[in-house]
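K.L.:
So you can see what is in the structure, the chains are spelled out below.
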Amino acid sequence: MRNRNATAYRFLTPYLLIFAIFWVWPIISSFLISFQATRTVPWRFAPGFNWGRLIGDPAFFNALKNTLLILVIQVPVMIALAMVMAVLLNSPLLKARGLYRFAFFAPVVVGEVAYSAVFRLMFSLDFGIVNKLLNSIGLPKVDWFSNVTPAMALIMIAVTWRWAGYNAIILLAGMQSIPEDVYEAATLDRVSKLKQFFHITLPLLKPVIVFCAVLSIIGTMQLFTEPFLITERGGPGGGTETLGLLLYRQGFRSLNFGYASAVAYTMAGLAIAITLVQLWLMREPK
Amino acid sequence: MATVTLINVAKRFGAFEVVHGADIDIADGEFVVFVGPSGCGKSTLLRMIAGLEDISGGEIAIGGKVVNDVEPADRGIAMVFQSYALYPHMSVEQNLSFGLRMTGNPKADTDRRVKRAAEILRISELMDRRPRKLSGGQRQRVAIGRAIVREPQVFLFDEPLSNLDAELRVQMRVEISRLHKELGATMIYVTHDQTEAMTLADRIVVLRGGHVEQIGRPLDLYENPDNIFVAGFVGSPKMNFIKAHIVGRDARGVVVELAGEKKTRIRQPLTDAAPEPGRKVIVGVRPEHFGDAGEGDADLAVAIDVVEHLGGTSFLYARTANGEDVVIQRDAAKVPDTPAVTVSIRKSYLFDEKGLRLR
Ligand SMILES: Nc1ncnc2c1ncn2[C@@H]1O[C@H](COP(=O)(O)OP(=O)(O)O)[C@@H](O)[C@H]1O
Ligand SMILES: [Mg+2]
Numbered sequence: 002m003r004n005r006n007a008t009a010y011r012f013l014t015p016y017l018l019i020f021a022i023f024w025v026w027p028i029i030s031s032f033l034i035s036f037q038a039t040r041t042v043p044w045r046f047a048p049g050f051n052w053g054r055l056i057g058d059p060a061f062f063n064a065l066k067n068t069l070l071i072l073v074i075q076v077p078v079m080i081a082l083a084m085v086m087a088v089l090l091n092s093p094l095l096k097a098r099g100l101y102r103f104a105f106f107a108p109v110v111v112g113e114v115a116y117s118a119v120f121r122l123m124f125s126l127d128f129g130i131v132n133k134l135l136n137s138i139g140l141p142k143v144d145w146f147s148n149v150t151p152a153m154a155l156i157m158i159a160v161t162w163r164w165a166g167y168n169a170i171i172l173l174a175g176m177q178s179i180p181e182d183v184y185e186a187a188t189l190d191r192v193s194k195l196k197q198f199f200h201i202t203l204p205l206l207k208p209v210i211v212f213c214a215v216l217s218i219i220g221t222m223q224l225f226t227e228p229f230l231i232t233e234r235g236g237p238g239g240g241t242e243t244l245g246l247l248l249y250r251q252g253f254r255s256l257n258f259g260y261a262s263a264v265a266y267t268m269a270g271l272a273i274a275i276t277l278v279q280l281w282l283m284r285e286p287k
Numbered sequence: 034m035a036t037v038t039l040i041n042v043a044k045r046f047g048a049f050e051v052v053h054g055a056d057i058d059i060a061d062g063e064f065v066v067f068v069g070p071s072g073c074g075k076s077t078l079l080r081m082i083a084g085l086e087d088i089s090g091g092e093i094a095i096g097g098k099v100v101n102d103v104e105p106a107d108r109g110i111a112m113v114f115q116s117y118a119l120y121p122h123m124s125v126e127q128n129l130s131f132g133l134r135m136t137g138n139p140k141a142d143t144d145r146r147v148k149r150a151a152e153i154l155r156i157s158e159l160m161d162r163r164p165r166k167l168s169g170g171q172r173q174r175v176a177i178g179r180a181i182v183r184e185p186q187v188f189l190f191d192e193p194l195s196n197l198d199a200e201l202r203v204q205m206r207v208e209i210s211r212l213h214k215e216l217g218a219t220m221i222y223v224t225h226d227q228t229e230a231m232t233l234a235d236r237i238v239v240l241r242g243g244h245v246e247q248i249g250r251p252l253d254l255y256e257n258p259d260n261i262f263v264a265g266f267v268g269s270p271k272m273n274f275i276k277a278h279i280v281g282r283d284a285r286g287v288v289v290e291l292a293g294e295k296k297t298r299i300r301q302p303l304t305d306a307a308p309e310p311g312r313k314v315i316v317g318v319r320p321e322h323f324g325d326a327g328e329g330d331a332d333l334a335v336a337i338d339v340v341e342h343l344g345g346t347s348f349l350y351a352r353t354a355n356g357e358d359v360v361i362q363r364d365a366a367k368v369p370d371t372p373a374v375t376v377s378i379r380k381s382y383l384f385d386e387k388g389l390r391l392r
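Chains as they are written, first to last, in my numbering: chain A, 2 to 287; chain B, 34 to 392.
What the hints contain is simulated information worked out from the structure, not anything from laboratory work.
Heads up, simulated DSSO-like pairs for lysine-lysine below, C-alpha to C-alpha not over 30 Å straight-line:
hint	chain 1	residue 1	chain 2	residue 2
1	A	Lys194	B	Lys166
2	B	Lys166	A	Lys207
3	A	Lys207	B	Lys140
4	A	Lys194	B	Lys140
The shape of chain A in the complex, shown without the other chains (with noise of 0.2 Å):
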């Protein structure tokens, strides 16, 4: 037995070796990089430089003010979006599922890059579909992308659009394993299909929901693309920047290594709080 484990640990190397040194390595690496005042040549050992600034940093709060209200909205916006997509590819009368199912699926494919440019265009002052159809509609224009309000508005309707198809994908795979005689069973006791979503589908979609949410706040904590490419870095004036902005511009536009991993540290310490939160709120009584 002990012979075996260990033939199958050789074969693991060339992979546990790369793992080693591009994965675990910068993990601590970054974390000891954060104590260290990066500024300087050579770099020198002060625990308290970085994480010292990052409490008394106005940029720093704003970014984190900025991804929390990001996260607040729009992880349960998207994920009951999802949720009603779900039901609608669930639904017997959904005709063409296959289609819509690789319509809500096909954002998460499209280049970031591409989807951001798309998305500049529809939203833009003067020639933007967006406010074709608000004018048309009787509402005025939006500058989207000179005011903070509209700004973030946008931020979360395009991280919205390329995930939550997604999601609902997530949650229609969880609601066919629900076995169909349950929801028979509840029809013969008279229950409306209405208090059969509320009572049978949704506690039972419960785990699979609270996995799309961590895999949500996840994600948005690390938000990056879309404000880096459709509201120009975090523009108006910072007014979109999240924490994965920061910490890019400290990194790699200043050169801040240091002040950089203590961003990145602080972000996934948040990520994992946030998560241990959520699974203690739904967790199953006992």
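Since chain A is already given, all that's left is putting chain B with the ligands on it; use the hints.
P.N.:
Below, chain B with the ligands without anything else, positioned relative to chain A:
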């Protein structure tokens, strides 16, 4: 309580017809079992009565009222599923009360019904458990309990015992019988197991390939099957079928000779038009209708392959000179110790080539 009437009921899935015009009349308070091999349309028929499947043709009436277009919830039926279909995230108590709670039934009444069902089924001490924490037999009781609290006019059971082990199956069979006596409700019960059908039913409906083959009381089916299918399906071990042909006929009946057995001739009184001499027929003999040589209508020499001892009785798996397999039931004390033995046929049934009973 209510009657259930099926008039020429048909079911098609697309162009594929799975139930072909069933006519079944079920009396108030009767226990009727639909029995037949897997895939014969038993569940489909039951689900049409429940309203879980549309009716493609014909009419179903419950309590004298045609229910073709009535919602399942309004038909006054309750169903017990083969898979139990319990709500996995609810306790036993919640499983029982769910339907009543959701429809705004007064709480005191709901509590009373749940308590009564739990007492009838002796599951009162399980009320706080989740279905996952119950044994198969306990889940089955909860599923039945959920039907009881609805206080339906008609109970429908779809193979409720087929997921249980043999011993529990016998025990639950007795309980369901007791339940029927206690509640006095009309019950329709689907199974592929003829023993379950024979032991539970007031009347049995035998189905094959979407056709009703015969309807009757258990002993009527056993003693007087209409055709070779029913004859073979009812009774265990199943009836032996031996090829034969007509060698003579007169006003009172026919004489048949078993194929390849020149000496084994049986006289059968027939009131139907008797087939002509030379026509092929099939003789059916139940294992328990073989006797000692010389004591029945005709003797038959067989060679024993295998003997199965069940204690009081034994089954001899034997072969005739013509190479036909037969099963013979014997008292354990009377099992011969030589492989070659002559038995007599004490009672037999005659079927024509199409399998219809000649009588
Ligand atoms: N939803 C369905 N679509 C198509 N064919 C079906 C469907 N349900 C059942 N059938 C077919 O109808 C026949 C009868 O099925 P069923 O009533 O479940 O049989 P039983 O319960 O007697 O085993 C089978 O041939 C089965 O394949
Ligand atoms: Mg079935």
